[in-house]
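**Student:** Once you've looked at the hints, dock chain H with the ligands against the given chain X.
Protein chains in written order, with the numbering used here: chain X, 1 to 232; chain H, 1 to 400.
Note that these hints are calculated values from the structure, not bench results.
A quick note: this is a predicted structure, and the numbers were derived from the prediction, not measured.
A couple of the hints might just be wrong.
Said to hold, decoys possible - Think about it this way: if two alpha-carbon atoms lie no more than 30 Å apart in a straight line, the pair counts; the simulated DSS-like pairs of lysine-lysine are: (1) X:Lys83 <-> X:Lys190; (2) X:Lys191 <-> X:Lys83; (3) X:Lys121 <-> H:Lys265; (4) X:Lys83 <-> H:Lys388; (5) H:Lys184 <-> H:Lys132; (6) H:Lys265 <-> H:Lys277.
Stated by the list, open to error - Calculated from the model, a selection of chain H residues having no Cβ within reach of chain X, i.e. all distances over 10 Å: (7) Leu24; (8) Leu114; (9) Arg195; (10) Pro221; (11) Thr321; (12) Arg322; (13) Phe371; (14) Arg387; (15) Glu393.
Beta carbons are placed, not taken as given, at the ideal position from N, Cα and C, and that holds for glycine.
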Amino acid sequence: MYAVQIENLTKIYGSGHTEVVALADATFDVAPGELVGILGPSGSGKTTLLTTIGLVTEPTRGRVVLDGEVIAEDGWPPGLDLKRIRREKLGFIFQAHNLIPFLSAVENVMIALENNGFGAKEARTRSIELLESLGLGHRLNHYPALLSGGESQRTAIARALANQPRVILADEPTAALDTENGKNVMGLLKKLAVENNSAILVVTHDQRMVEGFDRIFTFSDGRIVNETRNNV
Amino acid sequence: MNLALRDIRHQKSRFIQTCLGLGLLLGVVMSMSGIYRGLFTDATGILNATAADLWVVQQDTSGPFAATSRIPEEIKYRIRAVPGVAQASALSFQNIQSERHGAPFRFFLVGYELGGMGGPPIIVAGRPIRQKHYEIVVDRAMKIGLGEQLQLGGDDYTIVGHTAKMVSSAGDPVAYVTLADAQKIQFKDDNNAIRNSREKLASQLERLPVLSPNQASQLTPQIAKIVGSTHIANTVVARLSPGADLAEVQDRISRWNHYRPLTGKDQEHILTEGMIKKAKMQLGMFRGILLVISGVIISLIIYTMTLDKLRVIATLKLIGTRNRVIVGLILQQSLLMGVIAYVIGFVLIALTRDKFPRRWDLVAIDLQLLFGIVILICIGASLVGIRKAMRVEPAEALGG
Ligand SMILES: Nc1ncnc2c1ncn2[C@@H]1O[C@H](COP(=O)(O)OP(=O)(O)O)[C@@H](O)[C@H]1O
Ligand SMILES: [Mg+2]
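Chain H on its own, in the form it takes in the complex:
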């Protein structure tokens, strides 16, 4: 005969209410682990989709995600020539904020070379980009249908394909265009600014005594083309051939001036340690606090349930019931409360999961760990009640 269940059956509503409350708390704890996992997945989404061994960025920066990095696109040729490098492509990244249907509209634009690395990993609808210009692949989350147009930098781009769940480390959906288009969008100064800087350049050249006016007017467009070059990328990513030594390739590139070769691991470290560590600590603290609160609630409830039963416990002792039966009664109630609350929390979270604005991932190990912690909390919480119960004298059953 199970006394724990019979006692609970006798005061169902209090027990169920407590379980519901605890379930909500545990649900929040679970969602926090999930949010952290989601942050992690999001932060490393583009990194993992690119699957590069090396990320060559501007010297003294930790680009291209955590800091600004600008390097000439041409460096990719030099990198391709390094022994051990199988493939290298330039990539451009930019945040775009525009308006669509009157609402602000943010996304992260990746420019990649057709056939190169860093393009959309999986197309879930439509097709990849085939034309060098004016085609764009967007994430489904941007809610723009295939065949629709999107205006960027004064040009209209046609949506040809959709990706799913691709977001930037900031959580914005990702769109893809060719590198050439991305550069065009990124460096599209307004025409006045271009004309002004050309006129300024021309007048400076004309004033140089070594140049004839004719030479000056011929040099102006050449120089303007060099200094105003839009062949800029944010990073060049490289994949090594099988068996190549990563450290060796890295070492070689780092000896060049102006560039910093980061490994995929380095990038992961920068993204997760640097960018989301605080978020992790924050969420961790929060989880800790909520678990402590759960523990306090469970022990309070178990303690009051035990206080309500002191006479019952005294009677049980009087008729010779073994201590383990009495301990079992309290411990089982505590554990049952924890397990039911855990299940309620899980169901709640599973049901509401899709309604969260940002990704969050339920990871089995997180859930198992939490379950273990909940069990430990229940055992700990029951100790106060058990201690109280053990001190009850059988004589207390005799008083009127």
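This is chain X alone, in the form it adopts within the complex:
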């Protein structure tokens, strides 16, 4: 079974002469454990792809199946519990600023686990383990303002991973990082795809990162213009 299947996925913003086709008839599948890169110039629809898969943006047309569950069929099916799917099946990683500023590193991870019904004690233990495995054992009780860019990003990754989601969506996770830290984060994502068997979709501008991906889609004006497969 595929982790993500999209078929003719289309997103049109606005209408009439303000109409913008952000995403046009995108069709592809991602298998569990696969690390997929999304490349393309600014405005080509990369973020829109992630947010339609991530149940943040309602697609105009097309179909999305996530871990066997139809989450879009020419729009969201009525009665679909978007938040449940987001907290159970999806993990989000964005540029550094999305940690909650009044929670410490460990609490930022805990909140994702508590969302899924873990008690505070268990959530804390798991969060600490996860942060330690990402090399943040010495930053557990730091607030985001006191973390470096790389540390913030790794904390965000820990939060995205906490519930071992089937699909991880990362939008330019290395944009705010220097080459060294960027490479580390990419390495980490690669390792996660293999170890957790999660499908990981990573939007990036960064040509330096492309070797790490199993497959790369290049977007232009909302369309997939190129697909390449790296042989490992």
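**Tutor:** This is chain H with the ligands only, laid out in the frame that chain X set:
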């Protein structure tokens, strides 16, 4: 994990400052309820201490507190003779303003019959009045020590006892003397005035053709004694024997000319409805306004705190946090603010209570009611913030 507390911990000083400000407001609201209760207690202080079933006053007046009432003291004998009346005593009330140690000095003087009703209810120091003349019991608030002298109507009175917290409906401390002394103080005309009126009376009598000069000179002092009688009281209070019918006794006395029998309830009504109703409304309005202001402040602060958190809320939504967690975050902050402010207000008031010049009473039901209102205000105030939070799109967390 409690998000509300963690967020507050992160911006402690703003939260604490707001709580302090609100605490002051709520403290003022509490003191206003207290002042009203105090007015009420003060207004009915003498009424309750007297514990009379009936207050007989001058016809067509609502005396003796709210209006002037003058009746002859002797009417007490007639009242005692009414079936059902167990006890009746005459009382005199007067405001005295004099000077002491160079400062104006006001108090309310009660004249009562030794052994009768209406005397000092509790003596906290010294003893009650025992002599018919020149002894006085004063309230502690007048700050005159036992054994000291106080000059009234040209005579020196010795302080023999102290009462505590006895004030008139105007808030002045109360002092007690015998009825005879009170009458003496009240009707002490200056000697010239007495001599003048006697001479005028004598010359009028002499001019009457029916009287011989001898008869006239003998009648003058008799008539002067009657018309210038100082055996005047302001009210006669009565207590009924057990089982007596108040309405019946009242009805009987009201059929006499010149007198009006008011029940204790009537008096309470006159004092509280008539005399302090406006004060009550005034204080009530003020409390209402302050509570509205508190509500506006809480909702503004909660709203700005929510605006500051929009990105956090979007992130929470994005990672699938349930709405009740987000609503709880805002509501708990609002409630916490209200509760802390309430406690601050209460502590403030409890600490400063004794420094107020007039009595005020903290009544549990007032405090509970205010607490309930504060909680409702907090819930209401959080609604604007909650509404805003519910409209946040998770996509807002994604923008750079
Ligand atoms: N909320 C929106 N409303 C209207 N147009 C949008 C919105 N979001 C994105 N777009 C438009 O859709 C197109 C694709 O945007 P986006 O997916 O953000 O591209 P990328 O992430 O590749 O830079 C752009 O032309 C952008 O202006
Ligand atoms: Mg983008």
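**Student:** Please settle this one: Arg387 of chain H was flagged as non-interface, so is its CB more than 10 Å from every CB on chain X?
**Tutor:** At roughly 19 Å from the nearest Cβ of chain X, Arg387 of chain H sits farther out than 10 Å, so the non-interface label holds.
**Student:** If I take the minimum Cβ distance from Phe371 of chain H to any residue of chain X, is it greater than 10 Å?
**Tutor:** holds (29 Å)
**Student:** Is it the case that Glu393 of chain H keeps its Cβ farther than 10 Å from each residue Cβ in chain X?
**Tutor:** The claim breaks: Glu393 of chain H does not keep its Cβ more than 10 Å from every Cβ of chain X (closest is about 8 Å).
**Student:** Beyond 10 Å on every Cβ pair: is that true for Leu24 of chain H relative to chain X?
**Tutor:** holds (27 Å)
**Student:** Take the C-alpha atoms of Lys83 of chain X and Lys190 of chain X, compute the straight-line distance between them, and say whether it is at most 30 Å.
**Tutor:** holds (27 Å)
**Student:** Please settle this one: Leu114 of chain H was flagged as non-interface, so is its CB more than 10 Å from every CB on chain X?
**Tutor:** holds (74 Å)
**Student:** Hint check: Lys121 of chain X vs Lys265 of chain H, CA-CA at most 30 Å. Holds or violated?
**Tutor:** violated (64 Å)
**Student:** Taking the shortest Cβ-to-Cβ distance between Arg195 of chain H and chain X, state whether it exceeds 10 Å.
**Tutor:** holds (90 Å)
**Student:** Quick one: work out the minimum CB distance from Arg322 of chain H to chain X and report holds if it exceeds 10 Å, violated otherwise.
**Tutor:** Given that some Cβ of chain X is not farther than 10 Å from that of Arg322 of chain H, nearest at about 7 Å, it is violated.
**Student:** A cut-off of 10 Å on Cβ-Cβ distance, and Thr321 of chain H was said to be off the interface with chain X. Does that hold?
**Tutor:** violated (5 Å)
**Student:** Take a quick look at whether Lys191 of chain X and Lys83 of chain X sit within 30 Å of each other, Cα to Cα.
**Tutor:** This hinted pair holds, its Cα atoms lying about 27 Å apart.
**Student:** Can you confirm whether the C-alpha distance between Lys184 of chain H and Lys132 of chain H stays at or below 30 Å?
**Tutor:** Distance ~12 Å between Lys184 of chain H and Lys132 of chain H Cα, so the pair holds.
Against the hints set out earlier in the document, violations occur for numbers 3, 11, 12 and 15.
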